[in-house]
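There are 2 protein chains.
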Amino acid sequence: MQQRIGYIGLGLMGKPMARNILEAGYPLTVHNRSRDAVDELAAAGAQAAMSPQEVAQASDVVFTNLPDSPDVEQVALGPDGILEGAHEGMIFIDNSTIKPETARNIAQRFAEAGAAALDAPVSGGDVGAQAGTLAIMVGGKREAFDAVLPVLRTIGKTITYVGESGAGQVAKACNQIMVAAQMVAMGELLLLAQKTGVDPQRVVEAIRSGAAGCWTLENKPQRLFAGERRPGFKAYMQHKDLGIVLDTARTYGMPLPATSGIMQLYEAMLQSGMRELDNSAVIGVLEAMAGETLSTSED
Amino acid sequence: MQQRIGYIGLGLMGKPMARNILEAGYPLTVHNRSRDAVDELAAAGAQAAMSPQEVAQASDVVFTNLPDSPDVEQVALGPDGILEGAHEGMIFIDNSTIKPETARNIAQRFAEAGAAALDAPVSGGDVGAQAGTLAIMVGGKREAFDAVLPVLRTIGKTITYVGESGAGQVAKACNQIMVAAQMVAMGELLLLAQKTGVDPQRVVEAIRSGAAGCWTLENKPQRLFAGERRPGFKAYMQHKDLGIVLDTARTYGMPLPATSGIMQLYEAMLQSGMRELDNSAVIGVLEAMAGETLSTSED
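Just so you know, the protein sequences line up as chains A and B, in that order.
Counting in this note's numbering, the first sequence runs from 212 upward without gaps.
Counting in this note's numbering, the second sequence runs from 212 upward without gaps.
None of these hints come from the bench; they were simulated from the model.
Computed from a predicted model, the values in this text were never measured in an experiment.
Keep in mind that a hint or two might mislead.
If chains are identical, the list can't say which one is meant, so a pair holds when it fits in one copy or spans any two.
With a straight-line cut-off of 27 Å between C-alpha atoms, the simulated BS3-like cross-links for lysine-lysine are [what the hints assert, rightly or not]:
1) 352 <-> 406
2) 368 <-> 352
3) 352 <-> 445
4) 445 <-> 368
5) 406 <-> 451
6) 451 <-> 368
Using the sequences and the hints given, assemble the complete structure.
Below you can see the structure in the form of structure tokens.
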């Protein structure tokens with residue numbers, strides 16, 4: 212029998228993901244703090260629910276996609292929350308990026324109620340969310356993972372069972388270490404090229420297929436060269452994620468000399484009015500340091 | 212008429228590159244400080260020459276592939292060097308990674324002698340050198356680039372004309388900013404995963420196809436998991452290249468906050484007996500800091 216799905220948190224990522232689940236033919240119940248996205252999905256055939264608790268009561272599998280750890284705690288464990296509507300065998304899947312410890316705590320509370328919880332953060336941006344090609348990294352009980360794999364396949368392409376509860380969030384933290392390193396390296400190299408009088412666009416052309424090749428160099432430079440710094444993935448969310456990375460590292464006693472330096476650049480980004488820009492716009496901090504602005508194709 | 216090619220510097224990169232040129236059917240003259248590689252290529256049909264000057268006299272196009280800026284200066288401009296054997300229309304191509312300023316100085320000296328010089332550093336490692344799939348980034352006169360493009364195609368796959376003399380070296384410096392950032396980020400994320408009790412191999416599986424995806428995550432983790440830290444690309448060469456990056460940045464007034472921190476980790480690597488290891492073995496510095504060694508598949 213087809214699982215009944217619930218989706219809570221219809222933002223830049225959540226809305227296209229919920230839509231992909233709906234379009235794959237699953238019965239879908241949705242909830243969101245602001246109403247517009249709910250109406251949009253209801254028009255496409257989803258049911259609207261008044262609370263996370265209601266979503267849970269109507270669903271076999273409930274997804275959330277929320278900004279930060281306290282939001283997920285509130286929606287999962289708070290009043291009128293998912294746990295209050297949970298039932299035997301229900302599976303809660305959190306697509307948010309939150310602290311591994313919070314994910315483990317939530318999983319334990321759901322287990323006590325005879326339900327299951329998976330941490331399943333994603334990578335691939337709004338583009339991947341729309342195309343259904345996200346990477347999904349999953350932590351929790353293996354049986355629960357197996358039970359929801361078909362519905363995960365409607366939103367993601369590479370779906371990896373990483374390990375016990377929290378392991379998906381650890382993988383996402385690891386992902387953000389690499390992504391942030393690439394973003395800052397891209398900013399440094401584009402401005403260095405321009406400072407020396409060499410065309411940064413030619414440099415990207417020259418290096419993207421060698422050992423420097425990466426998702427970031429494939430997807431971001433042309434946007435920067437076009438003068439486009441809107442998200443994509445917002446700077447304050449990257450800053451939040453790096454906060455999770457460094458908190459987790461401190462908890463487990465892991466020094467991160469490079470990432471901690473990179474975090475300072477995102478800190479500077481937020482302090483200089485760029486919090487709503489794309490995470491690749493961290494080049495703006497370097498521009499301020501260098502007294503040099505990246506030329507755009509229109510210049 | 213087929214160009215006569217010369218190749219000087221038959222090391223880990225130069226030898227397979229020279230071999231690819233020879234196997235493509237070009238007449239080849241070679242020279243190397245130590246004799247073994249010369250004998251090997253002579254057995255395959257190359258001519259051996261006693262000095263760079265002799266190579267130049269016998270060739271229309273002369274390549275070098277040497278460790279550092281002073282080596283190239285010596286071989287190109289020193290006694291019995293290439294310039295002394297240069298003739299009208301000869302083209303000198305340097306595949307080494309050296310300072311952009313040195314490349315520009317050499318190009319000017321060759322131009323005064325009626326010859327041309329291109330800086331053409333490469334990326335893609337010994338694997339790419341053997342397979343003939345290197346990325347080659349070229350600076351110098353456009354006509355000279357056009358004249359040697361066919362022979363460059365026998366050693367590389369993506370061949371980009373970046374700009375005037377030195378622009379190829381600037382592109383390579385930019386390349387190394389990204390590569391070093393990825394190497395250190397990989398080290399940090401693998402150890403963070405292990406510290407939290409999550410399998411680093413699963414984490415790599417989970418993140419390599421998302422926004423963290425890169426050449427480094429495709430090629431290096433399996434070697435580290437197998438306990439293999441031999442080069443590949445040696446740590447002291449990466450350290451040398453980052454020295455060029457930071458020198459160039461200082462010359463042109465470009466702060467590089469992330470790369471300068473990363474350089475310190477390579478500095479530490481050299482100081483702790485790891486100079487001959489692969490550049491991915493920078494994880495060893497993080498292991499020492501964390502009091503944690505990456506587990507291998509044999510553990």
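Each hint tested on the structure:
| no. | hint | verdict |
| --- | --- | --- |
| 1 | 352 <-> 406 | between (52 Å within a copy, 21 Å between copies) |
| 2 | 368 <-> 352 | within (21 Å within a copy, 46 Å between copies) |
| 3 | 352 <-> 445 | neither (31 Å within a copy, 42 Å between copies) |
| 4 | 445 <-> 368 | within (23 Å within a copy, 36 Å between copies) |
| 5 | 406 <-> 451 | between (31 Å within a copy, 21 Å between copies) |
| 6 | 451 <-> 368 | within (25 Å within a copy, 40 Å between copies) |
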